[in-house]
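Make a model of the complete structure from these sequences and hints.
Sequence lines, in order, name chains B and L.
Take the first sequence: its position 72, counting from 1, is numbered 72 in our numbering, and each next residue is one higher.
Take the second sequence: its position 127, counting from 1, is numbered 127 in our numbering, and each next residue is one higher.
Note that these hints are calculated values from the structure, not bench results.
Errors might be hidden in some of the hints.
To be verified - Far from chain L by the CB rule (all over 12 Å, computed), these chain B residues: (1) Q56; (2) K57; (3) E59; (4) S129; (5) K172; (6) K176; (7) K177; (8) E190; (9) L204; (10) S208; (11) A224; (12) S278; (13) E287; (14) K325; (15) L334.
As the list claims (entries may be wrong) - Simulated crosslink set (EDC-like; lysine to aspartate or glutamate; CA at most 16 Å straight-line): (16) K191(B) - E189(L); (17) K191(L) - E75(B); (18) K172(B) - E328(B).
If you're wondering where the values come from, they're calculated on a predicted model, not measured in any experiment.
In this text, a Cβ means the ideal position worked out from N, Cα and C, and glycines have one as well.
The primary structure of each chain is shown beneath.
2 protein chains.
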Amino acid sequence: MENPKKLRIALDVMGGDFAPEREIAGARKALMDSKGEIELFLIGNEKVIRRTLSSQKGESSQFQIVHAPQVVTMEDVPTAAIKNKRDSSLAIGMRLHSEGKVDAFVSAGNTGAVLSASTLILGRIKGISRPTIGTFIPAEHGPCLLLDAGANVDSRAQHLYEFALMGSIYYKIIKKKENPTVALLNVGEEKTKGTEEIQQAYKLLFESNLNFIGNVEGGDILKAKADVVVCDGFVGNIVLKFGESVPKFLKYRLRKFSKKGLMQKLAVAISLWPLKKSLSDFDPNEEGGVPVLGVNGVVIVGHGSSTPKGIKNMIMRAVEMARSKINEQIELALVK
Amino acid sequence: MENPKKLRIALDVMGGDFAPEREIAGARKALMDSKGEIELFLIGNEKVIRRTLSSQKGESSQFQIVHAPQVVTMEDVPTAAIKNKRDSSLAIGMRLHSEGKVDAFVSAGNTGAVLSASTLILGRIKGISRPTIGTFIPAEHGPCLLLDAGANVDSRAQHLYEFALMGSIYYKIIKKKENPTVALLNVGEEKTKGTEEIQQAYKLLFESNLNFIGNVEGGDILKAKADVVVCDGFVGNIVLKFGESVPKFLKYRLRKFSKKGLMQKLAVAISLWPLKKSLSDFDPNEEGGVPVLGVNGVVIVGHGSSTPKGIKNMIMRAVEMARSKINEQIELALVK
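Set out below in C-alpha cells:
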C-alpha cells in the first residue's frame with residue numbers, strides 16, 4: 001500500500017523553453033531530494049517522455065506518466081490556449097489537480113496561460129477577486145516579496161489589499177517569519193501620495209490586521225524595508241524585470257572596462273568572484289518559481305529557461321505550499 | 001557694455017540640503033567653466049549669501065544677488081508653499097524668469113514645489129497639458145531618457161504622447177542625436193499589452209512623427225533598447241529610485257562578502273576600482289539635474305544633496321537648454 005501522506009505533484013513537462021529534458025532532469029532531482037515523500041506525475045507526450053527518460057541516466061519507473069497530446073507554447077494567447085487546447089499538458093495537469101488527483105501543479109510554461117488555466121479550471125478562493133503572482137526580490141537583509149508581479153496590470157485598492165493578505169501568509173510559510181511587515185509601493189512616504197486607488201489601498205491596509213508599516217519607495221525594495229511589498233501588476237512586472245536585468249548590465253559594463261588595459265582586465269577577473277557570490281540570489285533558479293495565489297489549489301509557475309535545479313526547486317516549493325495548507329490559512333484570514 | 005549674448009541664470013541658493021554652501025560653491029565653478037558667457041543671479045537671503053561668499057575662496061563681485069527672505073523647505077507641501085511663501089527664493093527666482101529678467105532658473109530644492117511653481121508662474125506651453133520631468137538612466141550604449149520621472153502619477157494616453165514628443169527633443173539637444181528612438185514602457189512587446197491608457201498611447205505614438213519603435217519591458221531600460229522611454233510618473237519614479245539604489249545595494253552585499261575572510265576582503269578591495277569606474281554615471285551629480293519640460297521657460301531641478309559639481313552641471317545644463325531654444329522646437333513639433 002502506498003504511503004497515504006505522499007504528496008502528489010503534477011509536472012507539466014512540455015512547458016519550458018528546453019522541454020522536456022530539463023523538466024525531466026529536474027523531476028529526477030526532486031525525487032532524490034524528497035526521499036520518497038512525493039509522487040511525481042509527468043504530464044506530456046508519452047512517447048517523448050519515455051524517450052527522454054531512457055536517454056537520461058537513472059531509474060525511470062517511479063514516475064507516473066500522463067499522456068497529453070497538445071502543448072501550449074510561449075506564443076499562445078493565454079485565454080485562447082485554454083479554450084482551444086483542452087488536451088494540452090497544461091489543461092490536463094490542471095484538471096487532474098482540480099479533480100483532486102494531485103495536490104499541486106507545476107509548470108515552466110507560458111505564465112499567462114498558467115494563470116488563466118488556474119483561475120478557469122481551479123476557480124478563485126471565495127473572497128478573493130483577483131489571483132496574483134508574487135516574486136522574491138533579493139534585498140539587504142533577506143528577500144522581499146513583491147506582488148503583484150504581473151498578473152493584474154490594472155489593480156484596484158481592494159485587489160492590492162488582497163495581494164497583501166495573501167503575500168503575508170505566503171511569506172510567513174516560506175520564510176518562517178510570523179507577522180511579516182507589509183508595505184505599499186508608492187512615490188513617497190506620506191499617505192496622501194500616489195493615485196486615488198493607491199491612497200484608498202493605504203487606508204484599507206492601515207485598517208487591516210496586517211503588519212502594515214506604510215508606504216515604501218522604489219529605493220526601499222533592495223533595502224528590504226518591508227518583507228512584503230504590494231503594488232499593481234504593471235509596476236511590479238516592470239520593477240521585477242528591471243531588477244533581473246541588473247547583473248547582466250553590470251557584466252556588460254565590467255567587460256567594457258576590462259578592455260581598457262591589462263590592469264583593468266586583471267581587476268575585473270578578480271572582481272567576478274565576489275560579485276557572483278554576492279548576487280547569486282538574483283538567479284531565478286534559486287527560488288525556483290512563483291506561486292499563483294488566490295486559486296483553489298497549489299500552482300507554481302517558473303521561468304521558461306529554468307534549469308533542472310530550478311525545476312526541482314519549483315517542485316519542492318509546491319510541496320511546501322501543499323503541506324502548509326496555505327489556502328485554508330488564506331480563507332481564515334479573509335473572514336477575520 | 002555687457003555682452004548682449006550673455007545668458008542670465010537664476011540660482012535658488014536656499015533650496016538644497018546643504019544650502020547655501022554647495023550652491024554658491026557650484027555657482028563659482030560654473031562661472032569659471034563658462035568663461036564669461038553667463039551672468040549668475042544668486043537668489044536667497046542676502047546676508048547669508050554675502051557671508052557664505054566671503055567665507056569661501058575666490059572672487060565674489062561677479063554675482064548678482066537678489067534678496068529673498070523666505071525659504072521653501074523639503075517638508076513644505078508644494079502647492080501651499082507657492083501660495084504662502086511668495087517671497088521665497090523659489091518664487092522670486094521663478095518670477096524673475098517669468099518677467100524675462102533671467103533666461104533660466106535652477107534649483108536643488110523641493111522638486112514638487114519647483115514643478116508647481118514652474119507651472120503656476122511660467123505657465124504651460126500651448127498644446128502641452130502636463131509638464132513633465134525626465135531623467136537619464138545609465139544604460140549599455142549611452143543613457144536612456146526616462147520620462148515622466150514622477151511629476152504625474154496618473155498619466156493619460158495624450159500625456160504620454162506629449163512626454164514622448166518633449167523627451168525626444170530634449171534628447172536630441174542634449175545628446176546631439178537626430179531622431180532618437182522612442183519606446184513605451186510596458187509589460188510586453190505586443191501592442192495589446194498593458195492598461196487601456198497604455199494601449200491608447202501606443203496608438204498615438206505609432207501614428208505620430210516620432211521615431212517610435214514600440215513597447216519595451218522593464219529589462220530593456222538598462223539595455224538601452226530605446227533612447228527615450230515613456231511611462232506614467234508613478235512607474236517612472238519607482239523605476240528611477242530602484243535604479244538609484246542599486247550601487248548602494250551592491251556595496252552592502254560586497255561588504256558582507258568581504259567579512260568572510262582575508263581572500264574575500266582582498267578580492268572585494270580590488271573589485272571596487274572597476275565597479276566604481278563602471279557605475280560612475282549612476283551618480284546623479286554627473287548629469288546635474290532634470291529639466292521641467294512643457295513650461296514657458298527653462299527650469300532645471302536637482303537632487304537636494306547635489307554637490308558643488310552637481311550644481312555646476314545643473315547650471316551648464318540650463319545654459320545648454322536656453323541656447324537651444326528648446327521651447328520653440330517643442331511648439332513647432334506640436335503643430336506638425
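So, going through the hints one by one against the coordinates:
no., hint, result
1, Q56, "32 Å, holds"
2, K57, "35 Å, holds"
3, E59, "39 Å, holds"
4, S129, "17 Å, holds"
5, K172, "25 Å, holds"
6, K176, "21 Å, holds"
7, K177, "20 Å, holds"
8, E190, "9 Å, violated"
9, L204, "18 Å, holds"
10, S208, "22 Å, holds"
11, A224, "10 Å, violated"
12, S278, "4 Å, violated"
13, E287, "17 Å, holds"
14, K325, "32 Å, holds"
15, L334, "27 Å, holds"
16, K191(B) - E189(L), "34 Å, violated"
17, K191(L) - E75(B), "14 Å, holds"
18, K172(B) - E328(B), "14 Å, holds"
The structure does not agree with the numbered hints 8, 11, 12 and 16 stated previously, though it agrees with the rest.
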